[in-house]
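K.L.:
Here is how the chains run, residue by residue.
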Amino acid sequence: MTLLSVEALSKEFGGVHAVEDLSFAIHPGTIHSIIGPNGAGKTTLFNLITGIYTPTSGRIRLDDKDIAGRRPCELAALGMSRTFQNLQVFFNMTAVENVMVGHHLHLDRGLLASLLRLPAMVKRDRACRAHAVELLEFVGLSRYVNADAASMPYGALKRLEIARALAAKPRLLLLDEPAAGLNATESREIDEVIKKVAASGVTVVLVEHDMKMVMGISDHILVLNYGRKLAEGTPAEVRANPEVVAAYLGGQG
Amino acid sequence: MWKSPRTGGLGLLAILLAAAPLTFPNAYFYDVGVNALFNAVLCVGLNLLIGYGGQISLGHAGFFALGAYGTAILTGRYALPPVAAMLVAAGGVGLLAFVVGRPILKLKGHYLAMATLGIGIIIHIVLKTESWLTGGPDGIGVDPFHLAGLAVAGDQAWYWLAAGLLLLAVWLSLNLVDSPVGRALRAVHGSEVGAEVVGVDTARSKVLVFVVSAVFASLVGSLFAHKNAFITPDIGSFFRSIELVTMVVLGGMASTFGAVIGAVILTLLPQFLAAFEDYEAMVLGAIMMGTMIFMPKGLLPSLRLLLSKRRAA
Chain U
148 MTLLSVEALS
158 KEFGGVHAVE
168 DLSFAIHPGT
178 IHSIIGPNGA
188 GKTTLFNLIT
198 GIYTPTSGRI
208 RLDDKDIAGR
218 RPCELAALGM
228 SRTFQNLQVF
238 FNMTAVENVM
248 VGHHLHLDRG
258 LLASLLRLPA
268 MVKRDRACRA
278 HAVELLEFVG
288 LSRYVNADAA
298 SMPYGALKRL
308 EIARALAAKP
318 RLLLLDEPAA
328 GLNATESREI
338 DEVIKKVAAS
348 GVTVVLVEHD
358 MKMVMGISDH
368 ILVLNYGRKL
378 AEGTPAEVRA
388 NPEVVAAYLG
398 GQG
Chain R
5 MWKSPRTGGL
15 GLLAILLAAA
25 PLTFPNAYFY
35 DVGVNALFNA
45 VLCVGLNLLI
55 GYGGQISLGH
65 AGFFALGAYG
75 TAILTGRYAL
85 PPVAAMLVAA
95 GGVGLLAFVV
105 GRPILKLKGH
115 YLAMATLGIG
125 IIIHIVLKTE
135 SWLTGGPDGI
145 GVDPFHLAGL
155 AVAGDQAWYW
165 LAAGLLLLAV
175 WLSLNLVDSP
185 VGRALRAVHG
195 SEVGAEVVGV
205 DTARSKVLVF
215 VVSAVFASLV
225 GSLFAHKNAF
235 ITPDIGSFFR
245 SIELVTMVVL
255 GGMASTFGAV
265 IGAVILTLLP
275 QFLAAFEDYE
285 AMVLGAIMMG
295 TMIFMPKGLL
305 PSLRLLLSKR
315 RAA
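From first to last, the protein sequence lines stand for chains U and R. When the letters of the first sequence are read in order and numbered with this note's numbering, they come out as residues 148 to 400. When the letters of the second sequence are read in order and numbered with this note's numbering, they come out as residues 5 to 317.
By construction, these hints were calculated from the structure, which means they are not laboratory data. Check the hints yourself; a few may be wrong.
Said to hold, decoys possible - With a straight-line Cα cutoff of 20 Å, these simulated EDC-like cross-link-like pairs (lysine to aspartate or glutamate) come out:
| # | chain 1 | residue 1 | chain 2 | residue 2 |
| --- | --- | --- | --- | --- |
| 1 | R | Lys301 | U | Asp295 |
| 2 | R | Lys110 | U | Asp357 |
| 3 | R | Lys313 | U | Glu281 |
| 4 | U | Lys270 | U | Glu281 |
| 5 | U | Lys316 | U | Glu390 |
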């Protein structure tokens, strides 16, 4: 049983193969890491899976449904959500409002109900706010609930994005470098959050440079180099792979 | 608890609207007041698009003019009751905004500004040249307004109607901003891709607010036509569109009350500057430049920031 499968996926940017003939599968309930040197195509792969880029060729399936080229908002409705390496927080809103937007798909989105502030909408909105506050507590941001996102520190914003993604109730959560730019303590806190998310039954796919974190929490690791698959397997298998070591240390593979 | 400006702000606005006529020495003040309120309603709608949605329209006077001409033609030529004409015109303008909004709201920044500018200019030209329908550059007369059999005549009656409409518009706007639809809209402003990945259909959000703001403009246009009894194509000119955007920016983007304040100030200002005659346009320009340089967020948000800083200190 696979949740997400990628078959012969390629993406070209004007002759440059950012991702080339890539195939792999992600099983539900696991933490799956994608690693590789800078420029290996990790973020491009994320953008392909989440519908921000359209593949040049190849297939991406979610539950056997071909999703290549679908818009991100459609994929969100199918149970996929993500965070970004360079933050995509709504800086014009408060922390709790950011998370409430994450809840968007599960709310009454009628224009009339919103304009007239119908009681049913107000009731659901209040529940949505309560749920958003819970999610902020879950990622350890309870002290920032009503803070403007623009006034929050970087490490908190990273976690805010995770809370927002979780509010969409995804089955598959993609995290693009959640620990980038964080100090050791913050990194460990993110680590805990990811483990908790996985334990709650959400399948997690992770792009990350922090090897200590990747080796510690991953069930499965995919190694990319120059847009192609270099290796795949459990953390122990990947660590023992001479090609992976060569790609990272720059030796002769 | 989070603060909501809904209750306090709306109440204060109602009191101000009720008290303002006490300072009016003659009918002319009512006339200026009605214009200020009409602009305020228009700007509350435009602020949803510009301030909250982060989009721009340099053609909004076009939608205003279409509402005005729609009503003038439907009541004059086809003898529709004013309220029905107003709603039909608003429906037509909404449909037009939907049809043109879908392709042009894919554009961003300067390109979107250019495209909306184009729409405004096309509407202006059509109103000017299709004289068999619109009366051409000479304009067209409009029948008086009546509501449920009661004629609305005289500046005082118009003032109370416009004040009621403004309260309604502000209420709707405050509701929308603090609702799922409004949050999605503000999220589009904050980060389009961030909004998309949690399920916000950003294209739909943008078109929706474009349509809503165009309908606001059309409704005000219809009332404006009835009140003035005579309209010319220049009510839909490019300069009028710019004036509306300036009101929103001056008062404060992403602030419903800011939009009201900006509209009132820029409608009243020429009255005070009339004494300077030749320098009127210059003073107006200087005020706009000063705002952009010293208060880029606009009057109300800047004041609020100042107050919260002082409170914190």
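K.L.:
Could you run down the list of hints and mark each one as holding or not?
P.N.:
Hint by hint, here is what the structure shows:
For the hint pairing Lys301/R with Asp295/U, the CA-to-CA distance comes to about 16 Å; that is within 20 Å, so the pair holds. A hinted pair counts as satisfied when its Cα atoms are at most 20 Å apart, and Lys110/R with Asp357/U does not qualify at roughly 38 Å. Annotation: proposed proximity of Lys313/R to Glu281/U is violated, straight-line Cα distance about 30 Å (limit 20 Å). Restraint check for Lys270/U and Glu281/U: the C-alpha separation of about 17 Å stays at or below 20 Å, so the hint holds.
Restraint check for Lys316/U and Glu390/U: not satisfied, since their Cα atoms lie roughly 38 Å apart, outside the 20 Å limit.
In summary, the structure is inconsistent with hints 2, 3 and 5 from the numbered list given earlier, while agreeing with the others.
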